[in-house]
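There are 2 protein chains.
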Amino acid sequence: MIKASICTIGDEILIGQIVDTNSSHIARALGSAGIEVARMESIADKREEIISILSKELKDNDIVICTGGLGPTKDDITKDALAELSGSKGYVKNEEQEAIVYDILHSRGLEVLDINLKQAMVPDTCEVILNKVGTAPIMAFHFPEEKFGHKAALYSMPGVPHETLTALGEVVEDIKRNFSTNSIYHKTIMVYGYAESALSKLIEPWEDALPADMHLAYLPNTLTGVRLRLTVHGGDGESQKRRANAQIEALKPYLGDHLYSEQDDCLEAVVGRLLKENGKTLGIAESATGGEIAHLITTIPGSSAYFLGSVTSYSPEIKKKVLGVKAETIEQKGIVSSEVAAAMAEGVRKVLGSDFSVATTGWADAYGDEFEPAGTVWVGVSGPAGTVTKRYQYHNDRKRNIERFAASALDTLRIYILNCLTH
Amino acid sequence: MIKASICTIGDEILIGQIVDTNSSHIARALGSAGIEVARMESIADKREEIISILSKELKDNDIVICTGGLGPTKDDITKDALAELSGSKGYVKNEEQEAIVYDILHSRGLEVLDINLKQAMVPDTCEVILNKVGTAPIMAFHFPEEKFGHKAALYSMPGVPHETLTALGEVVEDIKRNFSTNSIYHKTIMVYGYAESALSKLIEPWEDALPADMHLAYLPNTLTGVRLRLTVHGGDGESQKRRANAQIEALKPYLGDHLYSEQDDCLEAVVGRLLKENGKTLGIAESATGGEIAHLITTIPGSSAYFLGSVTSYSPEIKKKVLGVKAETIEQKGIVSSEVAAAMAEGVRKVLGSDFSVATTGWADAYGDEFEPAGTVWVGVSGPAGTVTKRYQYHNDRKRNIERFAASALDTLRIYILNCLTH
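Chains as they are written, first to last, in the numbering used here: chain F, 1 to 423; chain S, 1 to 423.
Chain F with its partners taken away, still in its complex shape:
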């Protein structure tokens, strides 16, 4: 299998000033093309360091993709380092890239300076892939076997994320033309309501029976539950996909309605799709989640088609006044209780006139009362099939509990809607 290394060049990543998102995009593009990313590295803006690490990576891998360090200012020294690494005898001008430099600066009403034109000069050892949205071209260095002990290629891309993304397709095409790549297939499914360890125990018989060329990874997340990623190595693209799907079918009986998506989807997208496809509307009443559920629902484009609105009733007075929760319910059962969650869900459904509603009342942090401890949330869901409530118990960490509560509420709502629609 063709192996690649991704290297980012620039002090701003090493001092933690910016988070490197390019590597992740590049890795996905390479993975889809059947290229294994064996390593990622970040390198300081130091000439010797750049040359020594890139040489090592070229010895260890077939392909190295580096990003960054191509700006026009003095601290950007990648191009000189690559000229030295590749044994260049001098720089040559790339006329097409120079035309783009003029275009870009003129369209912004800027004067074209010498340092801008220098961007179109490249070592005579590289081939140019044009950067159509920026001034620094992509440089492709193809090395013969004798240089690193095997055929190797190095691609130098700009560090600006949208420039990297724009040119990425052409870089991958260049790799495919020059190397014979094998296909890798990833299939991701989403599971809610199990801790990673419990899920692992549950599906152990299935996982242990996976063929040697398949591999399962667990990616737990507060908001999405556990993402399960099945990777298939052997065979070609079509058979990989077929075999992955057959395995997922065999896994389904273990998961039941905990499996909420067979793509890389979040709960709010799945709930949104259920509502939209069935022409139903949603109202939300939040207390402990303080607006997070409504926020998640509205991150989905087009959510205005099904989301009518929400009431965050942080104070007990608002629960009574706006949502119509009875004072005696709060006094007798506690503000965090099945009864209050139910009354909130019913109240908001009435106020907003929605088909479905979901409500939360809980203790997100150190508080708690004589009825329920910190980390408890009661979720209420109301709709055509009446009102149901469910209790979830978590730890004592405010920000994470808000996320857990919101995800638990979305999942309770999802299962309620599914049951309504199928019965």
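A few of these clues could be false.
Remember, identical chains collapse to one label, so a pair may be satisfied in a single copy or spanning two.
Capping the alpha-carbon separation at 25 angstroms, the derived lysine to any residue pairs in SDA-like fashion look like this [what the hints assert, rightly or not]:
{"no.": "1", "residue 1": "Lys132", "residue 2": "Tyr91"}
{"no.": "2", "residue 1": "Lys201", "residue 2": "Ile77"}
{"no.": "3", "residue 1": "Lys46", "residue 2": "Asp60"}
{"no.": "4", "residue 1": "Lys399", "residue 2": "Val160"}
{"no.": "5", "residue 1": "Lys399", "residue 2": "Val19"}
{"no.": "6", "residue 1": "Lys46", "residue 2": "Ala246"}
{"no.": "7", "residue 1": "Lys399", "residue 2": "Thr299"}
{"no.": "8", "residue 1": "Lys187", "residue 2": "Ile203"}
{"no.": "9", "residue 1": "Lys89", "residue 2": "Asp45"}
{"no.": "10", "residue 1": "Lys46", "residue 2": "Thr188"}
{"no.": "11", "residue 1": "Lys326", "residue 2": "Ser304"}
{"no.": "12", "residue 1": "Lys252", "residue 2": "Ser338"}
{"no.": "13", "residue 1": "Lys399", "residue 2": "Pro161"}
{"no.": "14", "residue 1": "Lys350", "residue 2": "His142"}
{"no.": "15", "residue 1": "Lys399", "residue 2": "Ala269"}
{"no.": "16", "residue 1": "Lys151", "residue 2": "Gly169"}
{"no.": "17", "residue 1": "Lys46", "residue 2": "Phe148"}
{"no.": "18", "residue 1": "Lys280", "residue 2": "Tyr367"}
{"no.": "19", "residue 1": "Lys187", "residue 2": "Asp76"}
{"no.": "20", "residue 1": "Lys56", "residue 2": "Asp45"}
{"no.": "21", "residue 1": "Lys132", "residue 2": "Asp365"}
{"no.": "22", "residue 1": "Lys326", "residue 2": "Ala305"}
{"no.": "23", "residue 1": "Lys59", "residue 2": "Arg47"}
{"no.": "24", "residue 1": "Lys399", "residue 2": "Leu223"}
{"no.": "25", "residue 1": "Lys390", "residue 2": "Ile104"}
What the hints contain is simulated information worked out from the structure, not anything from laboratory work.
Position chain S relative to chain F; hints supplied.
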């Protein structure tokens, strides 16, 4: 200067499924402690690879911090690799971490499985730093000079970001106890309402006059505006602090009320403090922000002291029915208008009976109408000094616009409250 390498372990980073944010946090924490981050690497979940790369990094650097690969499932093999690397003769149980494992699982009502308890078993070659918010402990390996040619330490931390963040302070303390680090002082202040480049131009005279051992970094963020970090290298801790504060005093006249915090505070914390200290309450009416403002406000512990509640009126009907916005205002002025923002702010203040209120109505993405284009938000603020509105115009990116709108609303509210309280 003490040199460090940060290594992330896990296929999910190499295949591009998740973006590594831990390394950036760790790099900033190390930088603040006067430790230079010389390299960052991502390594696959392969035993030999982990051992060979970590060994190389320990040869090249004083400190290696690795994250990830410590989960209870089969794909996590970091601990075994570290046992081999450090020449461990076996595993020992850490009783305190085991107690935490029981606590965490019990508090969530989960059964404690054997694979959970295995988390508290560590190689006999390491010292444990407890993970108080997760099951996998932090392992500190201290190596004598003869092992890597110099004194070296390796810290293995969990990959879950909030677990890494929680334990990071103790890891840095352990490094400080074992290595002699130079003092670096960072002073961070928060500025809202300027783009990075405009801010840079505004304060250029001040920045150009900074002494050679001081350095300014700009860290722009959608939700917080621009974080300005002044770093002082020369001198000892006390004089560094004094000199940094003197520079910030000299900077203040440039910034006016755009400077909203002299610590690393977010807008919702500053607004919350203003309300709490003055015994005032807040109500929120959201449309385009869909719950994000209420969510931000309630991430602050103790926010129930001043936050009464919010109404997300995503549909025009709810704006009329719950908030009392007049149908003719919406028809004549547009749903995204100064008048609707004002009516929403006044409406929610009346419904909830709060001292202050803030409201948003805007077009977060591709939509827009004959009145306002996509990317526009109108913010309304109401309180004892009457109702004010402000218009902000951004680009066309739904998720980022929701954040920008929410931050703009919080800042408008902040300045209104400040003016109320000081006049």
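### Task
May I ask which of the numbered hints given earlier this structure violates, with the numbers listed in increasing order?
Result: hints 6, 12 and 14 break, sorted rising.
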